[in-house]
Amino acid sequence: MADKSILAEFTKGFGKENPTFVQVLGMCPTLAVTSSVANGLGMGLATLFVLFFSVLMTALIKKVVPDGVRIAVYTVVIATFVTIADLFMRAYVPPLSKALGPYVPLIVVNCIILGRIEAFTTKNPIGASLVDALGMGAGFTTSLLVIGAVREILGSGQLLGHQILGPGFHPLLVMILPPGAFLTLGILMAVFNAVKNRETVVVVGGN
Amino acid sequence: MSILLIAIAAVVVNNFVLTYFVGICPFIGVSKKIDAALSMGIAVTFVMTLTSIVTWFITDLILVRLNMPYLEYVAYIVVIAALVQLVEMFIKKTSPALYKALGIYLPLITTNCAVLFVALLQAMRNYNFIQATVFGFSAGVGFAVAIVIMAGIREQIEIADVPKPFRGAAITLITASILALAFMGFSGLIAA
Chain A
48 MADKSILAEF
58 TKGFGKENPT
68 FVQVLGMCPT
78 LAVTSSVANG
88 LGMGLATLFV
98 LFFSVLMTAL
108 IKKVVPDGVR
118 IAVYTVVIAT
128 FVTIADLFMR
138 AYVPPLSKAL
148 GPYVPLIVVN
158 CIILGRIEAF
168 TTKNPIGASL
178 VDALGMGAGF
188 TTSLLVIGAV
198 REILGSGQLL
208 GHQILGPGFH
218 PLLVMILPPG
228 AFLTLGILMA
238 VFNAVKNRET
248 VVVVGGN
Chain B
38 MSILLIAIAA
48 VVVNNFVLTY
58 FVGICPFIGV
68 SKKIDAALSM
78 GIAVTFVMTL
88 TSIVTWFITD
98 LILVRLNMPY
108 LEYVAYIVVI
118 AALVQLVEMF
128 IKKTSPALYK
138 ALGIYLPLIT
148 TNCAVLFVAL
158 LQAMRNYNFI
168 QATVFGFSAG
178 VGFAVAIVIM
188 AGIREQIEIA
198 DVPKPFRGAA
208 ITLITASILA
218 LAFMGFSGLI
228 AA
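Going down the list, the sequences are from chains A and B.
Per my numbering, the very first residue in the first sequence carries number 48; after that it's consecutive.
Per my numbering, the very first residue in the second sequence carries number 38; after that it's consecutive.
Hints were generated in silico from the structure; no laboratory data involved.
Among the hints, a few may not be true.
Stated by the list, open to error - Partner residues aside, some chain A positions facing chain B, computed with beta carbon under 10 angstroms:
| no. | residue |
| --- | --- |
| 1 | Ile118 |
| 2 | Ile223 |
| 3 | Pro226 |
| 4 | Gly233 |
| 5 | Met236 |
Note that beta-carbon positions come from the ideal geometry of N, C-alpha and C, so glycine has one too.
Based on the sequences and whatever the hints tell you, model everything.
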């Protein structure tokens with residue numbers, strides 16, 4: 048039973064509580080850095096890192112932080128881990144750091160992180176919180192990967208820099224430009240809704 | 038001239054919402070009614086201008102001089118949170134009518150990534166004091182323009198027959214896509 052609930056905490060980030068398609072959180076990086084799969088993956092992993100360690104830290108200090116200033120304290124914790132992630136990326140993966148640019152520091156105000164801390168970490172034990180953070184972070188990364196893949200294939204005919212569509216394919220340049228980001232996310236969200244509704248219908252029919 | 042360029046670029050060419058994708062949460066969340074959208078736009082413009090000014094001082098006078106650029110993000114987010122709190126208290130005291138109009142939108146601005154983005158960009162581009170002020174103000178105006186246009190369109194969508202899976206955020210994003218496409222028409226304005 049315990050194992051099952053841990054698995055559920057982890058997988059809800061991919062399905063019914065997916066931060067991108069269901070909760071519509073963290074829209075700025077979702078739209079801004081998904082012009083390619085590699086950028087989406089980098090942003091997803093950076094967010095996962097910050098989310099995991101911010102949750103770990105807030106779970107440890109939540110009992111001693113006064114209620115009135117908790118948001119300010121948590122935000123400073125998040126900003127610290129974002130700085131660590133940013134400096135690490137600048138040192139070890141400079142091209143990625145350059146491609147993501149000012150969107151790395153914007154992880155500070157990514158509502159997924161503060162949202163998970165407020166909605167989950169403050170009310171649950173540390174173990175469950177960490178699993179929740181991993182699940183949400185992985186769900187977020189997966190969403191970015193899917194959006195990045197759609198945009199990269201349609202926008203340049205490539206995937207991870209490899210040409211996968213033949214020379215007869217005329218790239219839809221607009222897909223890697225800003226309007227393509229809105230369009231891809233909007234359509235994927237509708238598809239996600241449609242699939243989710245169908246599942247609900249099946250469950251109802253089964254009963 | 039360069040000041041004018043900065044202003045035009047921030048309002049239409051590199052519109053914060055439609056090209057940089059910052060401030061999307063309020064853009065989707067608070068764009069159902071035109072008057073609420075306008076209040077949000079004004080509040081954000083106000084805070085963005087102040088943030089740009091204050092973070093300019095912080096960057097130039099404290100972080101650069103003490104050689105502590107790694108404290109940039111922590112310093113900015115603390116400044117923004119304090120500033121929003123201060124603005125809220127100030128408006129409550131001096132103009133209760135405006136305070137009432139802005140309502141719950143004021144505290145929400147702290148987590149509006151557009152505000153942090155203004156601080157980061159003006160530091161990254163090494164603007165001088167006047168440029169930073171103009172940049173903060175115009176970026177806010179650009180946000181206000183985008184969110185008010187969006188609210189106008191959404192009031193019409195409300196009475197349209199949208200397919201079920203597209204209702205809510207999905208149709209709003211697709212509308213934003215068309216809006217972004219329209220704003221790309223401005224990109225020829227600044228060639229240099």
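Taking 10 angstroms as the limit, does the beta-carbon of isoleucine 118 (chain A) come near enough to a beta-carbon in chain B?
Isoleucine 118 (chain A) check passes; min Cβ-Cβ to chain B is 8 angstroms, inside 10 angstroms.
Taking the least C-beta to C-beta distance, is proline 226 (chain A) closer than 10 angstroms to chain B?
OK, holds: proline 226 (chain A) within 10 angstroms of chain B, min 4 angstroms.
Checking hints one by one. Is isoleucine 223 (chain A) an interface residue toward chain B, by the C-beta closer than 10 angstroms rule?
violated, 13 angstroms
Was the hint right that glycine 233 (chain A) lines chain B, CB cutoff 10 angstroms?
Holds, because the Cβ-Cβ distance from glycine 233 (chain A) to chain B comes to roughly 3 angstroms (cut-off 10 angstroms).
Return the status of the interface hint for methionine 236 (chain A): holds when the least beta-carbon distance to chain B is below 10 angstroms, violated otherwise.
holds, 4 angstroms
Checked against the numbered hints given earlier, the structure breaks only hint 2 and satisfies all the rest.
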